[in-house]
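Student: Could you put the whole structure together from the sequences, leaning on the hints where they help?
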Amino acid sequence: MVASRASALDLSQLPAAYIDAAHMTAERHVRLLVDGLTRLGSRTGRDSPVSIPAPLLLELAAAFQLEAWEQQGFTEHVASGLPDAATAFRELARRCVDAPMEFATASLASLSLRVLNFQLQRFAWAGQELLAADIRLSDQDDDHVLDSLVDFLWSHRHELSQILDCCPRSPE
Numbered sequence: 017m018v019a020s021r022a023s024a025l026d027l028s029q030l031p032a033a034y035i036d037a038a039h040m041t042a043e044r045h046v047r048l049l050v051d052g053l054t055r056l057g058s059r060t061g062r063d064s065p066v067s068i069p070a071p072l073l074l075e076l077a078a079a080f081q082l083e084a085w086e087q088q089g090f091t092e093h094v095a096s097g098l099p100d101a102a103t104a105f106r107e108l109a110r111r112c113v114d115a116p117m118e119f120a121t122a123s124l125a126s127l128s129l130r131v132l133n134f135q136l137q138r139f140a141w142a143g144q145e146l147l148a149a150d151i152r153l154s155d156q157d158d159d160h161v162l163d164s165l166v167d168f169l170w171s172h173r174h175e176l177s178q179i180l181d182c183c184p185r186s187p188e
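Going from the sequence shown to my numbering is simple: count from 1 and add 16.
Check the hints yourself; a few may be wrong.
[What the hints assert, rightly or not] Taking CB as the label site, the calculated pair distances span: (1) R173 with D36: 36 to 42 Å; (2) Q137 with H174: 26 to 32 Å; (3) C182 with V66: 55 to 61 Å; (4) P116 with L169: 53 to 59 Å; (5) D163 with R106: 40 to 46 Å; (6) D100 with A120: 33 to 39 Å; (7) I35 with D163: 30 to 36 Å; (8) S171 with V46: 41 to 47 Å; (9) C182 with P69: 56 to 62 Å; (10) V113 with I179: 44 to 50 Å; (11) H174 with V66: 58 to 64 Å.
I should point out that these hints are in silico values taken from the structure, not numbers from a laboratory. The beta carbon of each residue, even a glycine, is placed where N, CA and C say it ideally should be.
Tutor: Shown next, in the form of structure tokens:
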């Protein structure tokens, strides 16, 4: 779990792969944010620029990440205490109206950090980079996963045989 205060976060204590994964996730959140704002009608190149506080952008990116998961059929985040995307957007709008000063400083207890933690704990770190997909990690034990793989391979042995027969084999 990431430390509760930014000043207490000692990056040297985290594996390099974890830091790389957090960086890739942040880049993805930026893409989701830009795509989401574009869908909502935001456009670049306006005559008068609009200033949006960074904490608000982080929260919006987190809500767009929830939306992306739900569009892919992932809903496990709700059972883990995160809101569904619609609730996240409604709550964010309410916070903008009721307490806009909340966004004057970043809060590490925010939705954005909770979504980041969930993503780094439950999804393959390089899934987006390697396969352009969110790959949900299983919490099943190894024996169950291997049994499922064996069952799948056995039930598809004829198709696999045909695939292997049509492919040239390398000399051994």
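Student: If a hint holds in the structure, say so; if it doesn't, say that too.
Tutor: Structure-based check of each hint:
1. The supplied range of 36 to 42 Å is met by R173 and D36, whose beta-carbon atoms lie about 38 Å from each other.
2. Q137 and H174 have their C-beta atoms about 39 Å apart, which leaves the hinted 26 to 32 Å range violated.
3. Under the hint 55 to 61 Å, the C-beta atoms of C182 and V66, about 57 Å apart, fit the expected range.
4. Take P116 and L169: their Cβ atoms lie about 56 Å apart, and the range 53 to 59 Å holds.
5. Between D163 and R106 the beta carbons are some 42 Å apart, a value that agrees with the proposed interval 40 to 46 Å.
6. In this structure, D100 and A120 break the distance hint of 33 to 39 Å, their C-beta atoms being roughly 27 Å apart.
7. In this structure the supplied range 30 to 36 Å holds for I35 paired with D163, their Cβ-Cβ distance being about 35 Å.
8. For the pair S171 and V46, the supplied restraint of 41 to 47 Å holds, since their beta-carbon distance comes to about 42 Å.
9. Here the CB-CB span from C182 to P69 is close to 58 Å, well matched to the stated 56 to 62 Å.
10. The given range of 44 to 50 Å is broken by V113 and I179, whose C-beta atoms sit roughly 57 Å from each other.
11. About 60 Å separates the C-beta atoms of H174 and V66, a value consistent with the hinted range of 58 to 64 Å.
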